[in-house]
Amino acid sequence: MHPSNPAQTGVLTHGIALVGHPNVGKSVIFQRLTGQHVTISNYPGTTVEITRGMAPSLEGAILIDTPGVFTFPSQSEDELVTTRVLLNEPLQAVVQVGDAKNLRRSLLLTVQLAEMGLPLVLVLNMMDEANARGVVVNHQLLAEYLTCPVVPTIAISGQGLNELVEAVKSADHPHFRLTYSPEIEAALAEVSLRLPEAPITSRSLGLLFFSGDPVSETWLREHLDQRQFDELCEIRHTLQLSFVEQLLSVIQRTRLDYVQKAAKATLVSLGADVKKGPFDLGHLTTHPVWGMFILAAVLGAILWFVGIFGAGVLVNILEEQLFYGIINPWVIDQVARVVPFPLLVDFLVGDYGQWTMGITYAFALVFPIVTTFFLAFGVLEDSGYLPRLAALSNRFFHAMGLNGKAVLPMVLGLGCVTMATLTARVLESKRERILVTLLLALAVPCSAQLGVVLGMLSAISLQATLIWGVVVVLVMLTVGWLAAQILPGERSSLLVDLPPLRLPLLSNVVVKTLARLEWYLKEVIPLFLIGTAVMFVLDETGLLAGLIHAGEPLVAGWLGLPPEASAAFIMGFLRRDFGASGLFVMQSQGLLNPVQVVVAMTTVTLFVPCIASVLMIAKERTWQIAAGIIVIIFPLAFLIGGLLNRLLLFIGWGAS
Amino acid sequence: MTTFMSCSLCGHSFNPAEEPGCATCPLHSGCNLVCCPACGYKTVDANRSWLAKVASSFLPGAYFSEDGGLPEKRGHRFPRFFRRRGRHRRWHHLMHDRHGAGAHLPLTLLDVPPGYQVKIEGFAPDISPNRKSQLQAYGLVPGYWVEVLQQSPVTVIKIEHSEVAMENDLAFLVWVTERGSGQADV
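Top line first, the protein sequences correspond to chains A and B. My numbering numbers the first residue of the first sequence as 1 and each following residue consecutively. My numbering numbers the first residue of the second sequence as 657 and each following residue consecutively.
Warning: the hint list may mix true and false statements.
Cut-off 35 angstroms, straight-line C-alpha distance, at most; resulting in silico cross-link-like pairs (DSBU-like, lysine-lysine) [as the list claims (entries may be wrong)]:
{"id": "1", "chain 1": "A", "residue 1": "Lys261", "chain 2": "A", "residue 2": "Lys169"}
{"id": "2", "chain 1": "B", "residue 1": "Lys698", "chain 2": "A", "residue 2": "Lys261"}
{"id": "3", "chain 1": "A", "residue 1": "Lys619", "chain 2": "A", "residue 2": "Lys430"}
{"id": "4", "chain 1": "A", "residue 1": "Lys522", "chain 2": "A", "residue 2": "Lys430"}
{"id": "5", "chain 1": "A", "residue 1": "Lys264", "chain 2": "B", "residue 2": "Lys775"}
{"id": "6", "chain 1": "B", "residue 1": "Lys814", "chain 2": "A", "residue 2": "Lys430"}
{"id": "7", "chain 1": "A", "residue 1": "Lys522", "chain 2": "A", "residue 2": "Lys619"}
{"id": "8", "chain 1": "B", "residue 1": "Lys775", "chain 2": "A", "residue 2": "Lys261"}
{"id": "9", "chain 1": "B", "residue 1": "Lys775", "chain 2": "B", "residue 2": "Lys814"}
{"id": "10", "chain 1": "B", "residue 1": "Lys698", "chain 2": "A", "residue 2": "Lys264"}
{"id": "11", "chain 1": "A", "residue 1": "Lys264", "chain 2": "A", "residue 2": "Lys169"}
No lab work stands behind these hints: they were computed from the structure. Nothing here was measured: the structure is a model prediction, and the numbers come from that model.
Assemble the whole structure, with the sequences as input and the hints as a guide.
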């Protein structure tokens, strides 16, 4: 990239946005056009992932894969980013990916995009599925209705992509214009004089603003002074007075009428259902009984892949054999030879050394776990199972003031709480995101910890495992229910699209996993190094020993554990399973009796998550929320642990 | 409702309810079997078995044979006792029902038993505009036909060639009408 070459910089600053419903094959088209050169990064000011990649066939233009969106104004944090891309990025063209077999639904979005006036191409993807159902669309006529090119494709086999590239190259601004009711037209004429220059037409910006779209409101606030913005609000308010219904509904009705008209004219054949056998897997996954069995099988497979294969086999190879066996002794030796200051040697390769703890943990312990986790997650994402899981588990989350969509972060939390905190952004309201983050931090053990916990408990008895499980689930339900009562705001009902189950495309999963791993290396490893440095400072200054000593009355008196256990709790904050591992060593030395093991495991599970996830919570939400969550969890974990200790001793469990 | 079944031995098609053979049989009471009028082979009439009906709700798609058992669902008015109501409003409507006054209440998506097709009429007035626009974006547009696939644990409907799951409370806010005569609108 040579900034001195104006032609090249001109191309590089102009992106092509891929917009469309979720699960219509945006990422497949994206991957087909860009190949391997992709970067995943957070959209500025948000934590939503945006994938960008250079498309060689489009003269090096940057392709932007946006989160799936159904309509504007959108709801979740994810969807809002799509509007921001359209409003803020300098775009050369917009490519809407639509589902050929669900034409009417796709067209509602097309109409809104065409109104924006950016050069637009509509892709009717998954033509193979449409053909199998006998859906026939007259796409030449449709192109006339929408004043933009319409390209039928089968992205998965690469069919129609050359035509798409040609269409994007020659795409022009659509001269699409819907006529709204006279009141709205008058108001649009009035605001168009006051609106600042924007990438989209002032007409569509005005309509977005009238519909109450939060992103356009923020954008207008940034680009206008307070007086001008108030004038716009005044116009919107006056306009609302002329309708009984909300403006959004009025505007949407005009669009829907047009979509209906266009669909009626261009749908040559509606098609029929593909006959399925009595045991249609798609339906079974949402069935109240069979769905549970399938869920158990899927969870089991993921836990095996991430928990046993990733956290067990791979970690063993990397940590025990590669790092502790070969690399670390060599590095320690080299550092001790080269670096003259003992303090610096300790800082690099001591007990809490940057290399021996920070880098070793990041690469030998966590790297294999997140790799298997990202792979499993990628397969799940692309298979279309996740929305079905949300539908199935809706009732369980209802009690906690959430809806079924919360199942995603919760299940992923069993893999890694830090990663799962990220996925809370698929939820629609801030209230739900906070609730899920709290429950994740409190009651969901990560795979690394779960392995150690289950190993210790099953060594005692099945009863011990059950006591632990019941207590943790009860605490989660109670805290969830209480928090739902306290947090302001309404619970939002579940509404989710159920895509057909598909076999994921391997190359797509691999590319996604690699891009996510790159992100992990860039963003999470520094956290590990900082965490290790903090521990090093605590250890050197004697604060760590002080903290362990200060915790003794709590651990020994209230929880009834040996005093040495308090060190495990401090370590547990650095890494969740680390605390459990410390206790594991104590159990194998015969220092803990069954009651103490159950109490310790319950407390460690409920205890504050590792430092990486706390940092992630702070980054995703705010520092205040992270602090609040710690303040709630810390006493609660010890309270529950102490009560359980008293209860178990009282009923005389494990005495014999 | 005429439900025919075919004999698994000779293939003769007959209506088990109309067969006179059972009425004259001394073992008729409590019997789930029906004899083929052509060959006399005894077959199970699943419609007479309580257990078979309960089990069928666990076996999706495996509702007895095509021509025996449950009525053909599509294209018929569905039975009213299927009426279900939203979580918060159940009591309210029971009160209406007690006075026999619930009949005028609008039929909602939640009242439709799985397997039936209905036409979207509109939305309850208390639905939030954002929710309404979202539902419309998913394809629940007045005038469109949808098929209800399941009601538990959530309402799943089929619109065009896609499936949408929504909570029962949300389905309660969608007003529908039953299929009368005529074909689905395009």
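Compare the distance between the alpha carbons of lysine 775 (chain B) and lysine 261 (chain A) with 35 angstroms, and conclude whether the hinted pair is satisfied. Roughly 18 angstroms separates the two Cα atoms, so the pair holds.
Would the hint linking lysine 264 (chain A) and lysine 169 (chain A) be met if the CA-CA limit is 35 angstroms? 30 angstroms, holds
Just to be careful, I want the Cα atoms of lysine 264 (chain A) and lysine 775 (chain B) compared with a cutoff of 35 angstroms; is the pair within it? Measuring from Cα to Cα gives roughly 17 angstroms; hence the hint holds.
Holds or violated: lysine 775 (chain B) with lysine 814 (chain B), Cα cutoff 35 angstroms? Given that 35 angstroms is the threshold and the Cα spacing comes to 12 angstroms, the pair holds.
Regarding the pair lysine 522 (chain A) and lysine 430 (chain A), is the alpha-carbon distance no greater than 35 angstroms? It holds: about 27 angstroms lies between the C-alpha atoms, which stays within 35 angstroms.
Assess, step by step, whether the Cα of lysine 261 (chain A) is no farther than 35 angstroms from the Cα of lysine 169 (chain A), and give holds or violated. Judged against 35 angstroms, a Cα distance of about 29 angstroms means the pair holds.
Satisfaction of hint between lysine 619 (chain A) and lysine 522 (chain A), Cα-Cα up to 35 angstroms: At roughly 15 angstroms apart (the allowed maximum being 35 angstroms), lysine 619 (chain A) and lysine 522 (chain A) satisfy the hint.
Straight-line Cα separation of lysine 619 (chain A) and lysine 430 (chain A) no greater than 35 angstroms? 15 angstroms, holds
Lysine 814 (chain B) and lysine 430 (chain A) were given as a pair; does the straight-line alpha-carbon distance stay at or below 35 angstroms? Holds: lysine 814 (chain B) and lysine 430 (chain A) sit about 30 angstroms apart, inside 35 angstroms.
Decide if the proposed pair is consistent with the structure: lysine 698 (chain B) and lysine 264 (chain A), CA atoms, cutoff 35 angstroms inclusive. Answer violated: lysine 698 (chain B) to lysine 264 (chain A) is near 52 angstroms, above 35 angstroms.
With a cut-off of 35 angstroms on the C-alpha distance, tell me whether lysine 698 (chain B) and lysine 261 (chain A) pass. The hint is violated at about 56 angstroms.
Hint compliance for this structure: hints 2 and 10 are not met, and every other hint is.
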